[in-house]
Amino acid sequence: MNTIPLTHILFVSTALFFIGMYGLFTRRNIITMLMSIELILNSVNINFIAFNKYLHPANLDGVFFTIFIIAIAAAEAAVAIAIIINLYRNHKSIDIEDAAEMKY
Amino acid sequence: MNYSIIALIPLLPLATFILLGLFGRKYFQTSGGIIATVALLASAIISLYVTYHYFFIDGKVNGTYRHITALNYTWLEFSPGISIDMGILIDPISMMMIVVVTFISLMVHIFSLGYMKGEDRFSTYFAFLSLFTFSMLGLVLSTNIFQLYIFWELVGLSSFLLIGYYFYKPSAVAASKKAFIVTRFADLGFLIGILMLGFHAQTLDISTLIQNLTNHQSPQFIGITTASFLGVSLLTWGLSLVFIGGAGKSAMFPLHIWLPDAMEGPTPVSALIHAATMVVAGVYLIARLFPVYALSAPQVLEIIMSVGAVSALIAAIIACTQTDIKRVLAYSTMSQIGYMMLALGVSKYGGEDGLGYIGSMFHLFTHAFFKSLLFLGAGAVIHFIHSNEMKDMGGLRKLMPLTHITFLIACLAIAGIPPFAGFFSKEEILLAAFRANKFIYGIALFTAGLTSFYMFRLYFSIFWNKPSTENKTGHHGEGTWSMKIPLVVLAVCSLLAGLVPFANYITSDGAVLNATNNIMFSIVPVAVSLGGILLSAYLYKKENDKPVRAAALFGTFYKAAHKKFYIDEMYLFVTQRILFNLIARPAAWVDKNIVDGFMNLTATTTGKVSESIKAMQSGRLQSYAIYFFGGVIAMAALFIYWWK
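Heads up: the protein sequence lines correspond to chains A and B, in order.
In terms of the numbering used here, the first sequence opens at residue 1 and continues consecutively.
In terms of the numbering used here, the second sequence opens at residue 105 and continues consecutively.
Among these hints, one or two may not hold up.
Label-pair restraints from in silico Cβ distances [to be verified]:
no. : chain 1 : residue 1 : chain 2 : residue 2 : range
1   : B       : T709      : A       : T26       : 36 to 44 Å
2   : A       : K92       : B       : K718      : 49 to 57 Å
3   : A       : P57       : B       : K718      : 52 to 60 Å
Worth flagging that the hints you see were computed from the coordinates, not collected in a lab.
Beta carbons are placed, not taken as given, at the ideal position from N, Cα and C, and that holds for glycine.
Just chain B, same shape as in the assembly:
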C-alpha cells in the first residue's frame, strides 16, 4: 500500500486553518464549525483506514511491526547527514497516536459545535482547533527530531492561542502567558538536548539516531559517552534535557504549574489539548526515543520514573482538595501522565521486560478516551450551571441523566474498575512497577486509591450531594445533540478500549507479545480503588459536615495541599524576588543607562554639532559659491605647495 495518503491527514486540518483563519470572520462565521468538523472527519476516516491497513495487513514482517518512512523531504541541509527533514514515519505508536488525535479532536469539534454556539469568534475558534490538530499530527508523524521540535512549538503556540481564547479576561491572558513561558522554558532544554544528540549522533533523523546511539560499538556512541560535562556523559545530559522538554509539555513536577491555569480556556479545548493529546506529547517523545533511553542510559529512566511517581502522587493529593471541577480534572490529568512516565521509567527494552512501555502507551490510549469524556462531561455541566465551583452543583443526576451516566463510566474507567478501559492499562503499569521497584509500586498503588477517591468526590459532588433540585423554569436542557453524541461515543470507547489486546500491537521493540492478565495480581489494586470509592461515597454522597471534619483531621497538610503545596508561590518568589531583583533589574539598569546612554550620547552630540553648523546652509547661492571657490583655492594651494 502506498502510505503517502497519510500526508492528507495533517494537511486537511491545515487547509481548514488557512481557510478559516483568513476568511472565517467574513464568510464562515456560522458555517466554520461544520467545515472544520467535516475536514476532520475525513482525516479521522483516513487515519482509521491507514491504521487498520498497517496493523492488520502489511505492517507486520516476521512477527515484528516495521518502521516505514512514507515520505521524506529534505528541507534544510546543514551538512551531509545532518539535515532537517519533513516526513512521515509510520510505526505502531505513531499509528496509534494519529487515531487518538483525530478521533478525540473530531469528538471535541462536534461537542464544540454545541458548546461554542453563538460565540463571537466562532470560526476563529475552529481555525485554532484545526491548527492544533495539524501540529499535533505533524508531531506524532515526524521522521526527524527537528521536525518534531518544530511541531512541538506549534502545538505550544496553538495551546497558547486557545487558552487565551477569552482574551478579555485577565486571568485567561495570564494563564496563556504562563503556559507559554513555562513550556518554552522547558523547550529550551529540549532544544539543547536535540543539538547535543544530533551533533554526536551525526544525524537528526530519528531512526538513524536511535541506531547510532543504541549500537554500543558505533563511533557515535563511543564519542557521546566519552565526552562529558561536569562528570556526566553527554548522552545522559542530552537525554535528560530532552526529558525536561517532555516534562514541561506533559506538566511533570515541578514544571506542572501551567496546566491547572490552562483551564481558563474553553472546556472542549481543555479536553482536547490539556487532557487527551498535547500533554501526552512528552510521554510520546520519551516513547519515541525509548530504545536510546532503555539501552544506553537507564540512569535517565530512573529520573523519569522518580519524576513520574512524584508528579502522580502530588497531583493526586492536590486534586483531593480542589473545588473547581476543571482544576480537579487538570490535576488528575497530571497524575495520570505521571503514571505514564513512571511506567516508561520502570520499563526495560524488549519482550516481557518492556511491559512498562506497553502499559504506558496503553494508558495513554485509554486515558485519552476517558479523560476527554470527563472534560466534555464537565463542560456540559458547566454549560448547564454556568459555574466551575463544586458548591454550586449537586443533585444533577435527574436533570442531566445522559451526562450523569457517561460521567460515571468515565469515573469508573479512571478509577480502574474492571471491565472499564482504565483497569487494563493501569494493571499493566502497576504490574510493571511491581516487578521493577516495590517502593514505586507502593506509591502507584496509593495514587490509584487517591485517584478513585477524588474522582468520586467529584462525581458525588456534581450529581448527588444535594437533594435533586427542581428544574429551574425556562432553563435549557442538557444540551444539543452535538454535545450528547460525543459523550455517548466516548463513553462506549471508555468501556471497550481496554479490551484491545494492546501487547499484540505495540511493544517496545515492535515484536508481538502475548501478555496475559494476572487475575490474582489485580485483586489488590481493585480493592484499593473500591476503598477510595466507598470512602468518597461515605463523605460526599449526602450533604453533611463529614468532609470538613475529615479535612480538619489533616490540619496543616490539608491546607498545604489546598494551596497546591505553595509551588506557585515558590515560583513567584524565585522569579519576582530573586530573578527580577538580582538579574532583571541590574540588566535593565545597564540597558537603560549604559547601552541607551551611549546611544543617546551619540545622538545628542550629532544634534548639537549640526545645530551649530546648520547656519552654513543659508539658501544663499552666492555664499555657496564662495565656499566652493574657497575650497578650490585651498585644494589648489594644498596640491601645489604641500603635496610634493
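Chain A with its partners taken away, still in its complex shape:
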C-alpha cells in the first residue's frame, strides 16, 4: 500500500489552523469565530493522530489526547454559546464590534 507521507497530513493540519486563525481575525459574527476556534482545535487533533500513527504506532497517547480535546471542545462550545446568549440579551447583537466597551 502506498502510504501517504506525514508531511501531507501536516500540511492539511497547518492549512486548517491558519484558515481557523484567519476566520478568528476577520469574522464579525461571534458564532463564526467560535467555529473558527473549532477548526484550530481540530487541526491540533489531526497533528496528534498523525504523529501517533507515524512516529509511535505502538502507543495510543495521541489518540487519547484527541479524545480529550474533543470532549473539552464540546464543553467549551457549551460555555461559549452561553456567553453568546448573554451577550445577545445585553446588546441585541452578536457582532463582536458591538461588544467593545471594555476599553481605556
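Once you have looked at the hints, place chain B on chain A.
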C-alpha cells in the same frame, strides 16, 4: 511594706483620663469634674500614706534613706544591660514630689470645679488635667532615664493641650505652639544627652547609671571622660545637654520665653503646671542625677549656677515692670526656679556641703504651695474682675476678704518673711550661696529684695491702691466653696510648710542631717525683703504718680525691662530673618523644585507614555487576538532562529 501599691497613684489619674477622654463629652459633661477629683483624692491619700510609711517607718537604714525599686518591668531591651524599663523608684525626692504633685493637683482640681463651671469642654478639661497628673507622677517615679524622658514628653504634651484649651483664641494657639516648640527644642538636647550617657554608662537605669559614672575607677567612667568632642569630655557634654532639657522645661534663661505666654491657659492650669509642678521638672531632673553632677562634673554645676542666677535676676527685673498679673507671677516663677537651679549649682555632694541641694528641694517644696496659692488667688481675682490687667483692679480687699488674706500670706511667704514657708527654704539657699560664692550670694540677695518688691507691688495694686470700690450691683461674690477651700488649705500650708525639718528627710546623699538655722545670718535677707515691701508700699499703697516718676528715673532701662529685654524679638529675628531666610527658604526651594520636580517628571512622563499607547486597549477582541498571535510568532521566530 509592699510598695507596689504606689502604682495606683499614677494609674488612677490615667484611668480618669481614659474614661473622661473617651466618654466625657457624652456621659460625664457635668460629673466629669467630680470623678476626676475623687480619683485624685484617692491618689493623694495613697501617696500621703506611702510617704509617711517611707519616711517614718521603714525607709531609713542606718540613718540613711535607701533607694527602693518598687516595680521594674523591662519594656524594650536593646542589648543586655541597656533597656527601657517602666518602674517605680522610691527615694526621698520622689516621695516628696508625689506628695506635692498629688496635693497641688487635688487643690487645683477642687478650685477648677468652681472656676471652670459652665465651660463648654468641662470634662475634657479634667481629662487633660488627669493626663498631666499621670505623666508628672510617672516622671517623678521613673527608674529609668528613658522612662523619665517618655513622661517628660507627655507632660509637655499635656501642657500644650492645656495652654491651648481656649483654642478659639489665636493668642492661646500661638502660646501653646510656642511652649511646645521651645521645650521640644530643648528636649532634643536632653535626648542626645541621654543617649551619650546611656551609651557610655552602658545602662539607662538611673541608679546603675549614677553608680557607674560616680565611681572614678569604673571602666564606664574612664571611657566617657577620655572620649571627647571639641576638647570637652563626653561626660561634660552629656550632662550639659541634659541640663539644656531641664532648662527648657524649667524656663531658664534663654529658653524661658514660652512660660509667660503659657499664661494664656486657664488660671488653675497655670497654678498646677506652670508654677508648682511641671516647671520644676528640670530642677527635679538635675536633682535626680545630682551625684553625677556633683562628683564627676562640677564644671557643669557652675554653668547651672550661672544660668540659675541670671534667670532669677532677669526674671525678677522683668516682673517689676509687667502689668498683667499672671505675667508677673510667671516671671516670679521663673525667678524662683532660677533660685532652685542656683542652689543646686552651688551645692556639693554629701553632708553639710550638700546644703544647696537641701535648700533647692526645700524651696521646690514650699514654692509649690505658695506659688499655686498665688495663682489660684489671681484666678479668683480674674474670675471676679474678668481682666488680667492691674489697672482694672485695686481696692478689692473689702470685696474679697478671704482672697485678700490668703494672697497676703502667699506674698509674705514668697518674700521670705519669717515664719512663712519661703523664709526657711530661701535662707538655706542664701546660706549655701554665701558659703560657696559671694558674688552669687549678692545676686541672690538682690533678687530676694526685688521679689518682695514686685510681689507687694502686685498685692497693693490688686487689693489697695484705689479706694475700696462699692460692690457692683448683681455681681457674684468671691466664688463658690470649691474656690475658697483650696485657698485656705494652701494658705495653711504656706504658713506651716517651712517648719518641716527638711534636712532630716532629704539630703544629697540620703544621710540624715541636723541643720541648724543661723539666726544672725537671716538678718540681712529679711531686712532686704522688708525694704522691698516698704518700697512697694510707699509707691503703690495709694493711687499716685510716684510709680510713673520712679519708672522715669530708670528711663531706657525700665523700657527695656518692660519689653522683657527684647528677648522675644531676638528670637523672632533669629528665626524669621536668619533661619527662615537662610535655611528654611532654600530648603523649601530644593524641596519644591528638585525633589518634587523629579517626582513630577516621573509622573508626567508615565502619563504621556500611557496617553500615547492607550489606544492599544481598544476593547476589540480581535485586535487583541492579533497582538497575541503576533507575539507568539515573534517569540517562536526568536527561539527558533536567534536563540541557539
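Status of the given 52 to 60 Å range, CB of K718/B versus CB of P57/A: Roughly 54 Å apart at Cβ, these two residues keep to the hinted range, so it holds.
Range agreement (Cβ of T26/A with Cβ of T709/B, hint 36 to 44 Å): holds, 38 Å
Whether the CB-CB distance between K92/A and K718/B falls inside 49 to 57 Å: violated, 29 Å
Violated hint for the displayed structure: number 2, the only one.
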